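Undergrad: One line per chain: the protein sequences are W and E, in this order. At position 220 of the first sequence the residue is numbered 246 (our numbering), and the sequence of numbers has no breaks. At position 209 of the second sequence the residue is numbered 569 (our numbering), and the sequence of numbers has no breaks.
The hints are simulated quantities; they were obtained by calculation from the structure and are not laboratory data. All figures in this text were calculated on a predicted structure; none of them were measured in a lab. You may find that some hints are simply not true.
Short, incomplete list of chain W residues facing chain E, as computed with Cβ under 7 Å [stated by the list, open to error]:
no. : residue
1   : Ala76
2   : Thr100
3   : Pro104
4   : Met111
5   : Phe113
6   : Gly131
Every beta carbon over 10 Å from chain W, so not counted as near; a handful from chain E, in silico [as the list claims (entries may be wrong)]:
no. : residue
7   : Ala374
8   : Phe492
9   : Pro498
10  : Ala550
11  : Leu557
Here are the simulated distance ranges between beta carbons [unchecked claim]:
no. : chain 1 : residue 1 : chain 2 : residue 2 : range
12  : W       : Ser193    : E       : Ala398    : 35 to 41 Å
13  : W       : Lys201    : E       : Gly471    : 34 to 40 Å
14  : W       : Ser64     : E       : Leu370    : 56 to 62 Å
15  : W       : Ser193    : E       : Leu370    : 47 to 53 Å
The C-beta atom is built at its ideal place from N, Cα and C for all residues, glycine as well.
Here are the chains, one letter per residue:
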Amino acid sequence: MSDVVAEFELSFASGPTIEGRVRQPSDRASVTVLFGPSGGGKSTVLRTLAGLERPQRGTIRFGDETWFDAATRTFVRPQQRGVGMLFQSYFLFPHLNVEQNVAFGLSKLPRDERARRAAAMLERFDLEGLAARRVDEISGGQQQRVALARVLVMQPRLLLLDEPLTSLDQPLREKLRGELRELLRSLGVPVVLVTHDRTEAIALADRVVVLVDGRVRQFGDVQQVFAQPADEVVARYVGVEAIEEGRVVETRDGLAAVEVGSAHIWGLAQGELGSRVFVCIRAEDVVLERGATGGSSARNHLPAQVVSVVPEGALVRVLLDCGFRLTALVTRTSSEELRLAPGEAITAVIKAPAVHLVPRG
Amino acid sequence: MDWPAVWVTLKLAALTTLVLTVVGLPLAWWLATTRMRARALVEAVVALPLVLPPTVLGFYLLLAASPRFAPGSAYQQLTGATLAFSFEGILLASVICNLPFAVRPFAAALGSVDPRLIEASWCLGVSRLQTFWRVVLPLAWPGVLTGLVLTFAHTVGEFGVVLMVGGNIPGVTRTLALTIYDDVQALDYARANRTALVLLVFAAVSLALTYTVTQRRPGRR
Chain W
27 MSDVVAEFEL SFASGPTIEG RVRQPSDRAS VTVLFGPSGG GKSTVLRTLA
77 GLERPQRGTI RFGDETWFDA ATRTFVRPQQ RGVGMLFQSY FLFPHLNVEQ
127 NVAFGLSKLP RDERARRAAA MLERFDLEGL AARRVDEISG GQQQRVALAR
177 VLVMQPRLLL LDEPLTSLDQ PLREKLRGEL RELLRSLGVP VVLVTHDRTE
227 AIALADRVVV LVDGRVRQFG DVQQVFAQPA DEVVARYVGV EAIEEGRVVE
277 TRDGLAAVEV GSAHIWGLAQ GELGSRVFVC IRAEDVVLER GATGGSSARN
327 HLPAQVVSVV PEGALVRVLL DCGFRLTALV TRTSSEELRL APGEAITAVI
377 KAPAVHLVPR G
Chain E
361 MDWPAVWVTL KLAALTTLVL TVVGLPLAWW LATTRMRARA LVEAVVALPL
411 VLPPTVLGFY LLLAASPRFA PGSAYQQLTG ATLAFSFEGI LLASVICNLP
461 FAVRPFAAAL GSVDPRLIEA SWCLGVSRLQ TFWRVVLPLA WPGVLTGLVL
511 TFAHTVGEFG VVLMVGGNIP GVTRTLALTI YDDVQALDYA RANRTALVLL
561 VFAAVSLALT YTVTQRRPGR R
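Taking the hints into account, I'd like the entire structure generated from these sequences.
TA: Laid out in structure tokens, this is it:
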């Protein structure tokens, strides 16, 4: 496994300047997600890593190879980088059938070796029956599998995915999200993935790079980035929410109980019994109460201790410790009525539908 | 029919098409993909034969081809023959004259191939040249075919430039289009009509075939 370290700057004659700073560590096959609003420069960063754009400044290194260095005018062509690039709309070759698409990059191999590797890849992606089909005759989900097979058959050293699920219909997207995570885990290849969908980012990322207006605003673990945005700009796009890892311990009536630390939290069922999930709770969905009433429709009443109280305009950000870190956003008036202060005991109330469970396989 | 003229015409059209395939495809690919400013100038030069009277083009080509000027004399020193009033002379003239009929459809067809398909091929380790053969050309084929047919058909019917540069030498530079002119001058209308009819039918059939073939592959990405 090799580190990807890229720091570069791209300027376009009639457009923005994009600063890329990506670090993909080598400790394991991890997934780095480039996250941010449309037009923020995410795809451009990906294209630069692939060698399809040439920056004006900076360097891109992969392990001990230099792919780009503005100072020495080093530029390694996309053909020589050994990266696998999955484009947003896949861009399968329309004049070739499924099998020919998958075998496209293997043209330098002897014929039987090429056929063997293509066949193995078709089997792995459940495409054997479609080998002779034209690519515009198969479904979107199948097209995605062909595109992945076409890239993975080359055994890339680095996998780049540009909005891999965006061109699919909503139900299919949710189904494939879980499968994609398993696939990426099993590859043992570092992955850089672009998405503007926060659920996708939370479900797939080990690390998140937040790109807004062509600039990297934050870079860190997925939990850290979503729970503690570095500044207001990041917070605006990322939102603030507690993200805690837990295990599904009970499912009942379409709800799932997740064990997080010592607490049990109920959310709308996602994931099977015993599976790992991320529990996501937005700060504005947390209600604070004095004493344990229990007489409300909300499923979750968590005893908590106030850690800090920070005024933010008309609102107050209350950091709580309820076995895990939770942030509540309440009005200044409520905060005064409840006499919130560090060390006070309080009950955090959260409706089950506000508890967002994201399976993490 | 004037069979030597038929032979000269077909030879000229075939060779012109061949030369323009070899020269025109790279030129069209460059025009379709370059971001250089010189592109506009090159495009204008390529389109020039569309608007210039063939006699003007033929006149300057004749001057250039004569041994008294640099290109013609260089050719003479190289081959020992003169370019003017020779088959090679009308071939060169016909290539230049047909440049827009080949290069413009080529460039339009090559340029309509989605650049991301090309990039996808590069990222799969396939070289630029291989990508051209395996992705661009198969997808642009209908437009390229149109260019080839237009070039061939237009060369068969070329008159002004061939007359100016070739000088209407039977069996060498006299094409079918020139025999019609000669026949009319000799008041042999029946003979002129036979040749003209053949050329008319040929032009109509080749155009109809091209449009049929290209329509069968509707705007595939």
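Undergrad: Each hint needs a verdict: does it hold in this structure or not?
TA: Tested hints:
A distance limit of 7 Å between C-beta atoms decides the matter here; for Ala76 of chain W the minimum to chain E is near 6 Å, and the interface restraint holds. A hinted interface residue such as Thr100 of chain W counts as satisfied when its beta carbon comes closer than 7 Å to some beta carbon of chain E; here the least separation is about 18 Å, so the hint is violated. Annotation: interface hint on Pro104 of chain W holds; nearest CB of chain E at approximately 4 Å, less than 7 Å. Interface restraint check for Met111 of chain W: the shortest CB-CB distance to chain E comes to about 4 Å, inside 7 Å, so the restraint holds.
With 7 Å as the threshold, the beta carbon of Phe113 of chain W comes within range of chain E, its nearest partner Cβ sitting at about 6 Å, so the hint holds. For the restraint placing Gly131 of chain W at the interface with chain E, the shortest Cβ-Cβ distance is roughly 3 Å, inside the 7 Å limit, so the hint holds. With a least beta-carbon separation of about 28 Å from chain W, Ala374 of chain E lies farther than 10 Å from that chain, consistent with its non-interface assignment. A cut-off of 10 Å between C-beta atoms confirms that Phe492 of chain E is not in contact with chain W; the least separation is 13 Å.
For Pro498 of chain E, the non-interface assignment is contradicted: its Cβ lies about 5 Å from the closest Cβ of chain W, within the 10 Å cut-off. Remark: the non-interface label on Ala550 of chain E is consistent with the geometry, its nearest Cβ contact in chain W lying 50 Å away (cut-off 10 Å). For Leu557 of chain E, the shortest C-beta to C-beta distance to chain W comes to about 39 Å, beyond the 10 Å cut-off, and the non-interface label holds. At roughly 38 Å, the beta carbons of Ser193 of chain W and Ala398 of chain E sit within the given window of 35 to 41 Å.
Between Lys201 of chain W and Gly471 of chain E the C-beta distance comes to about 39 Å, which sits within the given range of 34 to 40 Å. A hinted range of 56 to 62 Å for the beta carbons of Ser64 of chain W and Leu370 of chain E is consistent with their spacing of about 57 Å. Between Ser193 of chain W and Leu370 of chain E, the C-beta spacing of about 51 Å keeps the proposed range 47 to 53 Å intact.
Hints 2, 9 from the earlier list are contradicted by this structure; the remaining hints agree with it.
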